[in-house]
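Protein chains: 4
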Amino acid sequence: MSHNTFGHLFRVTTFGESHGVAIGCVVDGCPPLIPLAAEDIQQDLDRRRPGQSRFTTQRQEADQVKILSGVMAHPESGVQVTTGTPIALLIENTDQRSKDYSDIKDKYRPGHADFTYESKYGIRDYRGGGRSSARETASRVAAGAVARKVIPGMTVRAALVQMGLHKIDREKWDWDEVARNPFFCPDKDKAAFFESYLDGIRKSGSSIGAVIEVVAEGVPAGLGAPIYAKLDSDLATAMMSINAVKGVEIGEGFNAAALSGEQNADEMRMGNNGPSFLSNHAGGILGGISTGQPVVVRFAVKPTSSILSPRRTIDRSGADTDIMTKGRHDPCVGIRAVPVGEAMMACVLADHLLRHRGQVG
Amino acid sequence: MSHNTFGHLFRVTTFGESHGVAIGCVVDGCPPLIPLAAEDIQQDLDRRRPGQSRFTTQRQEADQVKILSGVMAHPESGVQVTTGTPIALLIENTDQRSKDYSDIKDKYRPGHADFTYESKYGIRDYRGGGRSSARETASRVAAGAVARKVIPGMTVRAALVQMGLHKIDREKWDWDEVARNPFFCPDKDKAAFFESYLDGIRKSGSSIGAVIEVVAEGVPAGLGAPIYAKLDSDLATAMMSINAVKGVEIGEGFNAAALSGEQNADEMRMGNNGPSFLSNHAGGILGGISTGQPVVVRFAVKPTSSILSPRRTIDRSGADTDIMTKGRHDPCVGIRAVPVGEAMMACVLADHLLRHRGQVG
Amino acid sequence: MSHNTFGHLFRVTTFGESHGVAIGCVVDGCPPLIPLAAEDIQQDLDRRRPGQSRFTTQRQEADQVKILSGVMAHPESGVQVTTGTPIALLIENTDQRSKDYSDIKDKYRPGHADFTYESKYGIRDYRGGGRSSARETASRVAAGAVARKVIPGMTVRAALVQMGLHKIDREKWDWDEVARNPFFCPDKDKAAFFESYLDGIRKSGSSIGAVIEVVAEGVPAGLGAPIYAKLDSDLATAMMSINAVKGVEIGEGFNAAALSGEQNADEMRMGNNGPSFLSNHAGGILGGISTGQPVVVRFAVKPTSSILSPRRTIDRSGADTDIMTKGRHDPCVGIRAVPVGEAMMACVLADHLLRHRGQVG
Amino acid sequence: MSHNTFGHLFRVTTFGESHGVAIGCVVDGCPPLIPLAAEDIQQDLDRRRPGQSRFTTQRQEADQVKILSGVMAHPESGVQVTTGTPIALLIENTDQRSKDYSDIKDKYRPGHADFTYESKYGIRDYRGGGRSSARETASRVAAGAVARKVIPGMTVRAALVQMGLHKIDREKWDWDEVARNPFFCPDKDKAAFFESYLDGIRKSGSSIGAVIEVVAEGVPAGLGAPIYAKLDSDLATAMMSINAVKGVEIGEGFNAAALSGEQNADEMRMGNNGPSFLSNHAGGILGGISTGQPVVVRFAVKPTSSILSPRRTIDRSGADTDIMTKGRHDPCVGIRAVPVGEAMMACVLADHLLRHRGQVG
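In order, the protein sequence lines correspond to chains A, B, C and D. Numbered per my numbering, the first sequence spans residues 1 to 361. Numbered per my numbering, the second sequence spans residues 362 to 722. Numbered per my numbering, the third sequence spans residues 723 to 1083. Numbered per my numbering, the fourth sequence spans residues 1084 to 1444.
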């Protein structure tokens, strides 16, 4: 990872600001001859797109992706495939509402990156947060759609498993449910509850945090490159780099601190299809290398700091002042982080498949 | 991060196995003219060294570090300083007890990296875990001792804040206490409790997890390079790469999921020494960039899987079997992770100071 | 350098094919607050643009660059400046003449990358060479225009110093002359000669090689990071990565093989403005680090393999056949490599300035 | 390439100074299960070792390599093999003659890195050149010995093809001859000539440059990753990073500038063993990707600046002075660069094999 690039062999470089001309990414190192059409990417983008329910920001963005390079019609089959060269993906910004930013232009919004960007660069893009906006994550989702195609037989899915203090009931987990509610929630009953719960928060102008769980199935054993490119440590950096994420855990995660060695270790037995584990406390990773079990990652998303209550802050001149966010915002930014988490998981796994193949063949 | 190297401008490459000739590291990119003696490094190594209490592995290793390169006596002052060239640090293995490994050589220990290393490489070093051994972390501590010197005025400290279900009382936090008990625990009373608690676990041949908190003070605002080299995301990968770590969080961490926007955002006021925050829920990082407040990271360490109770597993031939760990092991590997966490924090911050200076001057 | 990215702190990622939708690049790690307008970049692009004389390919491309991100109007001055975030530059392909490629689609053109791309990827973009086309170098020139602004007081210029067997007369070197002839030739008389010489080659459907010299003045002493990021070795890779380049040399270059130690070493004397060298055989670099003298690099460009005479080759089915290039091509591709060489020099130096500042401050 | 590391998947990090405790390297990313004994490495080191004839420095160094990590006896065969973990190689310095450096300690030797290291770092290791000493190349040779084993069926050989103005006769090229004379010269007659020629230079206290050619056979088609990891551009940086190298060329190299398209392009025909080229002007690389033909690289080595004639220079205080090198030195450093060139070629090819396998499978 370096500045605006992540990945080693399957590398993604993103660019663009919330209110600039366009955002996008360059996916480099993708294997050749993989069928890839704009629709494959659009599908995933549509799941992340804002303005799809009253529970996410009302900004209207078509988020139409264009493939600028890296693909061509296969000379024999005619199917559009990757060529092994960099795949540039472009998403134009269409709804950069010519809003009046005079009220926040010179103030640092508490909990935002305003103060730190200006501390670092001596300048900050106050228009919708500029580069620090969650809009950047659309580029990740686009890259992730490419990554999904790199590992045959792999499925990467994510779900919201907690909002505020309310956790889902894992007994009721139903992956099909995730697509049926605006929260990507796998527990039907909890989804129903979230509807009114989040409405309350939204109407009061407040916001709330969430926990997302990402699960990758069909990951072959052997991915991950110790010691400093462990699969879990690359997943940690990938998830933590998503806007507003404050914690990442693998398998049992923080709960492992409370377990004994007897409780935590996953015993093994020989199964019909090779070695099998009797549990998955490890979340599919041991010693930084995938075990062949599902890879399970969770991350915590803080409540957005854009709330309607006035907060104490300072302005660029150093004077004390108050600030209040107006306009369209997400009461629970964790919701739209669900497809982003999937994308990051897919990118990390694709990268590690290539790296593993490179070293071991 | 790549294979066995981490960092971008301040780069650390480690090598060595538990039962090989030696372990060590190469610290590359260190600024020149920094006073550096072997004793500076030895001090930190001694804090991590095994066999210092009955609560850590009884392996006896002097862990004497030698500086092989990258320093010389300053031509004027005569003080040994860095020269800007790579600093190679070597620690010989002295207690590679010629143990009989026949009972584990062909079996995969549940919860260990045995199965995954062999899946990946077609071979594994069964002698003490080889490269996957926590012994590798001595190299990190050595590198961290160099990193500490790169940021003037910075203090990096860590403490054990939870063992099993038992959390410390934050009201009783006393940094001086950390050096006084074998658990690096800042709460005197809890440390006393841990003594008997861990003795019980040790005697029963079991093990337990822990949570470590690392705090860096004196970190200037502006460190961290969005979007994919955010300070928090680099800290996440650094901590997650430590043996047995299963979760990482910054500031409020997972707790942030349960907070509202009002509760979580840190308000600002102008202070006598510039901008000041009225709280530090963010853990010193906003938008991936340091705020100038203390940087606060916590990580969860799973219980070691080396326990005395027999566990179900398979052997290399694919037959079902049982395994039981004999010999010297840590009842709570989290304890020795405390100085390792400090080292990783120091390395990440040193790297980011150089990166920031590179881009912004 | 990695796949389609070069540079370490000042990083450039390019994308795009000769006959795709667009080409472009992402410049990452640029310092903030540098004034940057599209015109600054357009100027350099215009110097590289094809179709400006009968001596370069007749392809008509406006090569209009758009800045998609990474800049904004400074809140005080209103001047458009860099923000420290990635600068995405886009150049649309407008003259992708819907040519009939049936005659070369299945044949490997000798001296081209046709065979090797297909060997590597199992597919190649036969439309104008796809990614292997010199069109990619427009992205480099765009990035170089940004790089020029990173080192204050630096001037990077290049000139064609040899075409075929004909070398310029160094006594007649006049930088002003470079802009006055279509060859970027600093020797007025030789430029006049090249006019008829290259016309002869062009009319005969042949092509010829060239040597380009790039000179950077105002480079501070101390840039370059031994041992594997030496300034000369980074320049070597930068120049060798340009299409059709087959050799790179610094200062005396290959001529140094024929010199004695007495002849080659640059003696020193104390000058009015600090240390001064009495000659510059070293080309401004000693031990991989800049001396403060002008940095001098030369590179050899092979004759383009696209010529009108039929050549023996094979086709994709493995049958022997002949091939002849039709259509618009460069009789001396070395000419358009001149601004590309400048751009690569500027990018390498900008990167090394940031790296040096990172380590040494 | 970054600081003291080169390679991407097959990565080499070197450390150590001429007169420090030891030099060495860490080879990371090597595939597992490759037989590797210290003797395999020692063989190559012995070819580079100084003091083997009167034509190289008389410094006596045993250059005994120790493998510190990354290998173990295979559990079944008992043969020592790589494990996939980092291979640390150590070479102790034994002949750090306690020489009096007072005469050069404060002066900058013309043509050496003295002035630039001090400009960069504010300090330089005057003892034998410190990190800038050619002694560092022993580490490269050690790494290269490992790299040779990564590509099955590959042979990498090098030879000295020019000394001063005297080029070998290519008609007389005999690889067997290379091992029979102290110059690694493939032309028996020229080797005899060099004996007296270099004796004259040696006795007069002067020095002379040379050109080395490195040839790799058995390189599969498809290695090299455009655009910024082209095989030729990675070879250029690798060779240029060797001490005293001032120029690098591939195939026809600078000679290509004087050729026409007809002369330079390598025609193809279908051979019994697949596609075959009728010539190899390209030096085995087209579009940055290997063609399957021998990869041919040449590099020019300048004459060492350590000569007996007094030269004008300045000292650290800025005063004009003279300097004269005393003691043991190489009259033609190009000689010992021959095995170093082989090592760099082997490392680059090994790295690219792994990278290619990673992306394409």
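Errors might be hidden in some of the hints.
Stated by the list, open to error - Far from chain A, some chain B residues (derived; all Cβ distances over 10 Å):
(1) 404
(2) 416
(3) 421
(4) 439
(5) 466
(6) 471
(7) 510
(8) 591
(9) 593
(10) 623
(11) 628
(12) 649
(13) 652
Unchecked claim - Facing chain D, from chain A, some residues (calculated, C-beta under 8 Å):
(14) 9
(15) 31
(16) 32
(17) 35
(18) 37
(19) 196
(20) 200
(21) 202
(22) 203
(23) 205
(24) 278
(25) 354
To be verified - For each label pair, taking beta carbons as the anchor points, the in silico distance ranges come out as:
(26) A:73 / D:1354: 54 to 62 Å
(27) D:1252 / C:1042: 42 to 50 Å
(28) C:755 / B:456: 50 to 58 Å
(29) B:455 / D:1159: 23 to 31 Å
(30) B:722 / D:1398: 42 to 50 Å
(31) A:43 / B:557: 40 to 48 Å
(32) D:1409 / B:435: 52 to 60 Å
(33) B:634 / A:279: 30 to 38 Å
(34) B:634 / A:35: 54 to 62 Å
(35) B:634 / A:217: 48 to 56 Å
(36) A:73 / D:1253: 25 to 33 Å
(37) C:825 / D:1354: 46 to 54 Å
To be clear, the hints were calculated from the coordinates, so they are not data collected in a lab. All C-beta atoms, glycine included, are put in the ideal place defined by N, C-alpha and C.
Here is what the structure says about each hint:
1. 404: holds (24 Å)
2. 416: Holds: least Cβ distance 15 Å, greater than 10 Å.
3. 421: Residue 421 of chain B clear of chain A: closest Cβ-Cβ about 23 Å, beyond 10 Å.
4. 439: With a cut-off of 10 Å, residue 439 of chain B remains clear of chain A, as the shortest Cβ separation is near 36 Å.
5. 466: holds (16 Å)
6. 471: Check fails; 4 Å does not lie beyond 10 Å.
7. 510: holds (22 Å)
8. 591: violated (5 Å)
9. 593: violated (5 Å)
10. 623: Given a closest Cβ separation of 6 Å, the condition is violated.
11. 628: violated (4 Å)
12. 649: violated (7 Å)
13. 652: Given that some Cβ of chain A is not farther than 10 Å from that of residue 652 of chain B, nearest at about 6 Å, it is violated.
14. 9: holds (5 Å)
15. 31: It holds, given that the least Cβ distance between residue 31 of chain A and chain D is near 6 Å, below 8 Å.
16. 32: holds (7 Å)
17. 35: Since chain D brings no Cβ nearer than about 16 Å to residue 35 of chain A, farther than 8 Å, the hint is violated.
18. 37: For residue 37 of chain A, the interface hint is violated, since the closest Cβ of chain D sits about 21 Å away, which is over 8 Å.
19. 196: Since the shortest Cβ distance to chain D is 50 Å, the answer is violated.
20. 200: violated (50 Å)
21. 202: Interface hint status for residue 202 of chain A: violated (46 Å vs cutoff 8 Å).
22. 203: violated (51 Å)
23. 205: violated (49 Å)
24. 278: With a closest approach of 26 Å, the residue 278 of chain A hint is violated.
25. 354: holds (4 Å)
26. A:73 / D:1354: 54 to 62 Å: 31 Å Cβ-Cβ, so the 54 to 62 Å window is violated.
27. D:1252 / C:1042: 42 to 50 Å: Violated, at about 34 Å.
28. C:755 / B:456: 50 to 58 Å: Because 56 Å falls inside the window, the suggested range holds.
29. B:455 / D:1159: 23 to 31 Å: Taking Cβ atoms as reference, residue 455 of chain B and residue 1159 of chain D lie about 29 Å apart, which means the hint holds.
30. B:722 / D:1398: 42 to 50 Å: The hint (42 to 50 Å, Cβ to Cβ) is violated, given that residue 722 of chain B and residue 1398 of chain D are roughly 31 Å apart.
31. A:43 / B:557: 40 to 48 Å: violated (58 Å)
32. D:1409 / B:435: 52 to 60 Å: violated (25 Å)
33. B:634 / A:279: 30 to 38 Å: violated (52 Å)
34. B:634 / A:35: 54 to 62 Å: Holds: the Cβ-Cβ distance is about 59 Å, inside 54 to 62 Å.
35. B:634 / A:217: 48 to 56 Å: holds (52 Å)
36. A:73 / D:1253: 25 to 33 Å: At roughly 47 Å between Cβ atoms, residue 1253 of chain D and residue 73 of chain A fall outside 25 to 33 Å, so the hint is violated.
37. C:825 / D:1354: 46 to 54 Å: violated (24 Å)
Going down the numbered hints, you'll see the structure goes against 6, 8, 9, 10, 11, 12, 13, 17, 18, 19, 20, 21, 22, 23, 24, 26, 27, 30, 31, 32, 33, 36, 37, while the others check out.
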